[in-house]
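Colleague: Line by line, the protein sequences give chains A and B.
Reading the first sequence from the start, the letters are residues -10 to 323 in the working numbering.
Reading the second sequence from the start, the letters are residues 351 to 660 in the working numbering.
Careful, some of the hints might be misleading.
For each label pair, taking beta carbons as the anchor points, the in silico distance ranges come out as [to be verified]:
{"hint": "1", "chain 1": "B", "residue 1": "ARG463", "chain 2": "A", "residue 2": "VAL127", "range": "57 to 65 Å"}
{"hint": "2", "chain 1": "A", "residue 1": "LEU62", "chain 2": "B", "residue 2": "PHE568", "range": "42 to 50 Å"}
{"hint": "3", "chain 1": "A", "residue 1": "GLU0", "chain 2": "B", "residue 2": "LEU417", "range": "35 to 43 Å"}
{"hint": "4", "chain 1": "B", "residue 1": "ARG496", "chain 2": "A", "residue 2": "TYR313", "range": "17 to 25 Å"}
Chain B is faced by these chain A residues, among others (derived, beta-carbon under 10 Å) [stated by the list, open to error]:
{"hint": "5", "residue": "GLY7"}
{"hint": "6", "residue": "ILE19"}
{"hint": "7", "residue": "TRP116"}
{"hint": "8", "residue": "VAL117"}
{"hint": "9", "residue": "GLY257"}
{"hint": "10", "residue": "LEU265"}
Not close to chain A: a few residues of chain B, all C-beta gaps over 12 Å, as computed [claimed, not checked]:
{"hint": "11", "residue": "GLN426"}
{"hint": "12", "residue": "LEU466"}
{"hint": "13", "residue": "THR616"}
In case anyone wonders, no lab produced these hints; they're calculated from the structure.
Predicted model only: the values in this text are computed from it and were never measured.
A virtual CB, placed ideally from N, CA and C, is assigned to each residue, including glycine.
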Amino acid sequence: MLAFIARRLLETIPVLAGISVVVFLFLHLIPGDPAMTLLGERANPQNLQRVREQLGLDQPLYVQYGRYVLSLLHGDLGRSIRTNRPVLEEARGRFPATIELSAAALLIAIVVGAGGGVLSASWRGSWVDHLARVVSLVGISIPIFWLGLVLIFLFAVWLQWLPPDGRLDAGLRYTPLTGFVFLDALLLRRADLATNGLRHLALPALTLSTVPMAIIARMTRSAMLEVLRADYVRTARAKGLSTWRVTLHHALKNAALPVVTIVGLEVGFLLSGAVLTETIFSWPGIGRWIFESILNRDYPVVQGMTLVVALIFVAVNFLVDVAYAALDPRIRLR
Amino acid sequence: MALDEPLTARPALARAAAPTMPFALAPERRGRGPLADAVQRLLHDRAAMTGLALVGLMAALAMAAPLLAQQDPTAQTLAQRLAPPSRQHLFGTDNLGRDVFARVLYGGRISLRVGLVAVLLGAVTGTLLGLVAGYSGRLADTVISRAMDIVLAFPSTLLAIAIVAARGPGLQNTMLAVGAVSVPIYARLMRASVLALKERDFVLAARCTGASGSRILFRHILPNGLSPLIVQATLGIATAIIEAAALGFLGLGAQPPAPEWGLMLTDARNFLLNAPWAMLFPGLAIMLTVLGFNLFGDGLRDALDPQLRQ
């Protein structure tokens, strides 16, 4: 097992190096002088010269890349042009919002998706199965930026049951402790914070969960169908075990393997989807921040955050591989 | 995958080879290649045919846009802004008084074109890379596979956004970006097919007769590795349409006054209370088109790979 982990870690190194090269080149791929890209076209020539010296733009590319990697290793992702604060510091303030949204969406996706998939497979061919299959097909076909708007219209504009945007009501008195609304609600013993947070979280989390939910449902259904045909399931049934026990205890545990992989891969979707969902719902997370930075030409932020997101993605894929190898010993031997 | 017989096998050849085959083909199946079987399965798959009909409908509507739309999609009638659906404006008007029905029809042309071009770009590039990676030896394989891993290390929509951000907004860059992020998928698929087919008898036989590497690749291996590629391309068009619309929604795709579906949704976002129809119909169009491609792609996958059919 350790050998497998070591081998996988070694395989990640060239990928990490490649990512850093791609992200480094990003600034240089934008047409025009990078210094002017950073400061704007009407910048003072002296400021331009200063930035050029700061970034070492007059030096050969590989030297610039070396300096970039060195600064990365010191945790320096550059400074936002708009606020002049370090990118990492700004990110830290916005990460909790995205993590809460993504975690809620993933939870909904797993519970509803896997549950639906199990039911679908257990009652194959019934109306439950057909309904679930249609719903999941629609789920992967629906654009989430449209779904978000439809939900806002239904629940916030027409029925007026839920707020249309933001993470909390503007008038709510709240000084963040950890940055996580629900954690803070627990620590500060404020039920109003929790209920308010939940009301704001409902629509964006539902929107973001739709596609992963549909994919997990389809994957669970096909994995369960394959497993339910196996001999050991037939043996369990022949032994007289209740259908419930057979389904959950024997079948689901073995069907869980491919589903776990898919869940890990969905994290990538959650990161992309967060940009769209956060923009629609004005959610103060890193997704919306990245997008606004692109519009504002705040390139250090775009560059730094692209790197962070890619790193998260690589880390998640690595964990998924390790989990898969831990669950299925045959993988380790490959 | 039904790789037991090359798909290029001709019925006459099969009949001629019958006496030497170790098993007898059932009389009614002799003479019908696996391709014909797959087509039969596809035609009987109701969901897949529904998908095909849906795609056909959206394509037909898009192509017939000049005939069906009574108004110019970019013509503004400010006196009739945010008007609800009526006989004159079947889907109502948007915030600049433009006819939503016309814009949805013409928008179909944009979305379908972007989807097809992006997938073509991605599939052709990816297939070539996959062929080279699978056939040309360890160095090429390692380099190409690592490069694909690096591209896959970025969530695709974010990468597409970053590419368009660097190159500037517009339809061309959207097609480029969406195509580029899909290259690794096709590369991996083709590489897997090549690796599986490289040691098959018909490839070894071709090598024995002195066929060159590229002849083997393009005449023997590629046709037999085509089916997962076709399935992925069909499903890929669906993804490409959504990703392009997402870029349009974020203002990075087609620019105003182009009737692009994603762009229409951004405009409609500020008028949800007054004019929900401006938001409803473009999004519905996206969903139905994507649904059609997904249904058909699923059916293709089931038809071309009988072992996966449940």
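Colleague: Should the label of GLN426 of chain B as a non-interface residue stand, given a Cβ cut-off of 12 Å to chain A?
Modeller: Given that every Cβ of chain A is farther than 12 Å from that of GLN426 of chain B, nearest at about 23 Å, it holds.
Colleague: Starting from the range 57 to 65 Å, see whether the pair ARG463 of chain B and VAL127 of chain A falls in it by beta-carbon distance.
Modeller: With Cβ atoms ~25 Å apart, the hint is violated.
Colleague: Report holds or violated for the interface hint on ILE19 of chain A, using the least CB-CB distance to chain B and a cut-off of 10 Å.
Modeller: holds (5 Å)
Colleague: Does the Cβ pair LEU62 of chain A, PHE568 of chain B satisfy 42 to 50 Å?
Modeller: Given range 42 to 50 Å: holds, Cβ gap about 46 Å.
Colleague: Does the claim that LEU466 of chain B lies outside the interface with chain A hold up, using a Cβ gap greater than 12 Å?
Modeller: Check passes; 18 Å lies beyond 12 Å.
Colleague: Can we confirm that no CB of chain A comes within 12 Å of the CB of THR616 of chain B?
Modeller: Per Cβ check, THR616 of chain B is inside 12 Å of chain A; nearest 9 Å; violated.
Colleague: Report holds or violated for the interface hint on GLY7 of chain A, using the least CB-CB distance to chain B and a cut-off of 10 Å.
Modeller: holds (4 Å)
Colleague: Answer holds if the nearest beta-carbon of chain B is closer than 10 Å to that of GLY257 of chain A; otherwise answer violated.
Modeller: holds (4 Å)
Colleague: The hint names VAL117 of chain A as touching chain B; please verify it with the least Cβ-Cβ distance against 10 Å.
Modeller: violated (16 Å)
Colleague: Assuming the hint says 17 to 25 Å, is it satisfied by the Cβ distance from ARG496 of chain B to TYR313 of chain A or not?
Modeller: holds (21 Å)
Colleague: Return the status of the interface hint for LEU265 of chain A: holds when the least beta-carbon distance to chain B is below 10 Å, violated otherwise.
Modeller: Holds. Min distance 6 Å.
Colleague: For the pair GLU0 of chain A and LEU417 of chain B, does the Cβ-Cβ distance stay inside 35 to 43 Å?
Modeller: violated (56 Å)
Hints 1, 3, 7, 8, 13 from the earlier list are contradicted by this structure; the remaining hints agree with it.
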